[in-house]
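Enquirer: Sequence:
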Amino acid sequence: MLRWGVLGATAFISTRVAPAIHRVVDNRVVAVAARPGRVEASGRFAAQFDARVHDGFEALLNDSEVDAVYIALPNSEHVPWTLRALEAGKHVLCEKPLALSAADVERVEAAAGGLTAMEAYWYRFHPQQRRVVELLASGVIGELCVVRAAFAGLMDPVGNIRYLPELGGGATWDVGCYAFDVPLWAFGQTPVSVQARFHSKDGAPVDTSGAATLDFGDGRVAQIDYGFDYGPCARYELQGTHGSIAVRNAWTAPDEECVITIITNDGHREERVPAADAYEHQAAAFAEAVRTGTPPLVTLADSKRTARVGEALVESARTGAVQVV
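Heads up: the sequence shown begins at 1 in the UniProt record's numbering, then just goes up one per residue.
Rather than coming from a laboratory, the hints here were simulated on the basis of the structure. For each residue, glycine too, the CB sits at the ideal point set by N, CA and C.
Simulated restraints, written as ranges between beta carbons of each label pair:
| id | residue 1 | residue 2 | range |
| --- | --- | --- | --- |
| 1 | V324 | Q223 | 12 to 22 Å |
| 2 | R318 | P80 | 19 to 29 Å |
| 3 | R197 | G219 | 19 to 29 Å |
| 4 | D266 | V192 | 30 to 40 Å |
The calculated lysine to any residue pairs, modelled on SDA-like cross-linking and capped at a C-alpha distance of 20 Å, are:
| id | residue 1 | residue 2 |
| --- | --- | --- |
| 5 | K96 | P80 |
| 6 | K96 | L184 |
| 7 | K201 | D225 |
| 8 | K201 | G320 |
| 9 | K96 | T190 |
| 10 | K96 | R308 |
| 11 | K96 | T15 |
| 12 | K201 | D229 |
Required output: the full structure, derived from the provided sequences and hints.
Expert: Set out below in structure tokens:
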């Protein structure tokens with residue numbers, strides 16, 4: 001049995017993530033931590049799973065009956081609480097972005113030791129995504145040349161922590177992470193350089209949308225866009241020398257059938273992937289990594305690369321210049 005504790009009792013975690021964990025054999029949410037003075041709200045979350053409620057995050061980390069923690073706090077709190085959880089001997093599955101800098105990921109690496117620490121890029125665990133990785137590796141579209149990725153959806157700024165810079169808000173560190181994660185795994189390397197432009201709608205204190213080009217060298221590029229101020233869109237395309245693979249909804253809902261479109265000189269075909277809950281697949285994979293001591297699908301090396309690219313995009317948008325990664 002892998003016994004989970006949750007830091008961040010949000011409605012999304014209580015309705016999507018925690019139930020998915022419970023559906024994995026031998027996995028249970030056994031404890032929920034409330035911020036001081038908010039035990040009642042967390043109690044409603046915990047009651048769904050017959051879990052204990054702790055008054056404060058430190059109390060949960062001191063719970064000897066918790067093996068792993070899911071961290072769903074604001075971006076600015078991910079690294080501090082990941083480090084504290086690892087110091088307490090807990091495995092950690094942390095919402096993305098794990099960190100806002102590569103240096104902070106290195107701090108997590110140093111603290112992890114023999115524990116499993118993973119950034120929760122949940123879509124990477126969906127059977128649709130696994131199938132795309134297989135198709136790309138098969139060579140059906142030849143050598144990868146161009147990646148196009150877009151992820152956006154309108155978000156109301158009222159009461160939304162994504163609009164608070166002090167909490168690590170902004171489109172780049174939210175939906176943008178997903179968009180630039182696609183070329184990173186597809187090309188399997190860090191880009192040579194990036195050039196980005198951000199927009200802050202209605203004078204928002206954070207970037208509400210962005211567009212960027214990532215140069216991977218040898219004519220290989222990625223073009224991405226993302227935002228809070230338009231949408232919805234959730235797609236990517238992998239263009240190779242002999243064809244393309246397109247996913248119309250890369251960040252899919254658990255009840256949504258998935259369609260992968262493959263176009264080559266031999267014609268056009270579609271592969272349909274049944275609906276699946278990527279959070280459940282993610283929890284199962286994380287639990288297996290804990291059980292076996294093997295590296296998870298999303299490694300800390302991946303997270304360091306992702307953070308480095310995010311930093312470069314922010315700097316490029318600030319200066320208006322190409323930024324070497």
